[in-house]
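Engineer: The chain contents come next:
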Amino acid sequence: MIQILIYILVFAAFLCLYRMGKGPTPSDRAVALDILGTLMVGFCALSAITTGKDFYINIGISWALLSYVGTIALAKFLENRSFDE
Amino acid sequence: MFWDTLGYIVIAVGVSFDLLGTIGLVRLPDVYNRLQAATKCVTLGTAFLLIGVFIVSGFNAMGIKALVCAAFVLITSPTGAHALARGSHRGGVKLWEGSVKDVYAEDNPE
Amino acid sequence: MKFIGEFIILFGVWLLLTWTLAPAQVIAGAVITLLVIGLVGDLFVFKARALNPIRIFWAILYVPYLMWYIILANFDVAYRVISPELPIRPGIVKIKTSLKSDMAKTALANSITLTPGTMTVDIKDDELYIHWIYIHGKDVHQWTKSIVGRFEPMLRRIFE
Chain C
1 MIQILIYILV FAAFLCLYRM GKGPTPSDRA VALDILGTLM VGFCALSAIT TGKDFYINIG
61 ISWALLSYVG TIALAKFLEN RSFDE
Chain X
1 MFWDTLGYIV IAVGVSFDLL GTIGLVRLPD VYNRLQAATK CVTLGTAFLL IGVFIVSGFN
61 AMGIKALVCA AFVLITSPTG AHALARGSHR GGVKLWEGSV KDVYAEDNPE
Chain D
1 MKFIGEFIIL FGVWLLLTWT LAPAQVIAGA VITLLVIGLV GDLFVFKARA LNPIRIFWAI
61 LYVPYLMWYI ILANFDVAYR VISPELPIRP GIVKIKTSLK SDMAKTALAN SITLTPGTMT
121 VDIKDDELYI HWIYIHGKDV HQWTKSIVGR FEPMLRRIFE
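Chains as they are written, first to last, in this note's numbering: chain C, 1 to 85; chain X, 1 to 110; chain D, 1 to 160.
Source of the hints: derived by calculation from the structure; they are not laboratory data. Since this is a predicted model, take the numbers as computed values, not measurements. Quick reminder that beta carbons are idealized off the backbone N, C-alpha and C, glycines included. Among the hints, a few may not be true.
[Claimed, not checked] Partial pick of chain D residues on the chain X-facing surface, computed with a CB cut under 7 Å:
hint, residue
1, 70
2, 77
3, 90
4, 113
5, 120
With the sequences and hints as input, model every part of the structure.
Structural biologist: Structure, rendered in structure tokens:
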């Protein structure tokens, strides 16, 4: 049962990678990267429930926060501005 | 037993929302529409998944951490989407040609 | 006052994340909380009026209200993504808000991003630019009414 859900999430991650490879503008790739980060948080949660070990959730929390910081930095970069503003 | 079943149902709903969001990421025509579909569906899908983990595992370290993580995702994801949309528009990414109007470009000429 | 509020919030998050009352963990949490407040405590926005019970009541009531609209939003977007002919009519519109404080505007922008078909692009003073996936209406007043009409009264009770 939970194996099927993991396969569905992997398929969704491949759809993200398709958009990241094809995307006509840099913004499309940045959006795909942001969404992939959120998907990976869900993947960590599924790993935690499958194995019963709670440190996977810690990985998920740090991944969510780091992905947020990365998204903000990418948005600044897309805007053609310097980082120290 | 009841709580396990309910938790797995919530997890399955979350995963299907994730899948719908990424299908939107592939099908929709421009950055803003993609951001719109992907952000809403994937944020709620992941939050549902984490709430499902909380329902399955109950009040222990794993469940409480999952709830805190769901709150983080629900707060940070819209802010990131907002920053990306503003950055792409100022970086010169045009709207899809079928768009109806763009008040932002009218009010902020280059 | 500000110091006590920050300490309670940060230490509470630490306790939730570790979920144990072992003395070593609690002491380490207290030390790290004091360190964080000393380094970046000035960045926090904390006002004493946030402790007013009426505001807290409305804030708790706001969560299920917002959750209902988020779920509606997801079914809306799912329908648009699945249907073969893509029923979208996108564009960026401008609305005016009557909220004053920065916190209230931030909460309004995040709520708009999570609800059906709308996403905040930029904020300038009291004007918000919204990307809308299916535009109804003709001018600023109609757009304002149909986008922020359902959030503004509750947010005003919470933040102002």
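Engineer: Which hints, by number, does the structure contradict?
Structural biologist: none
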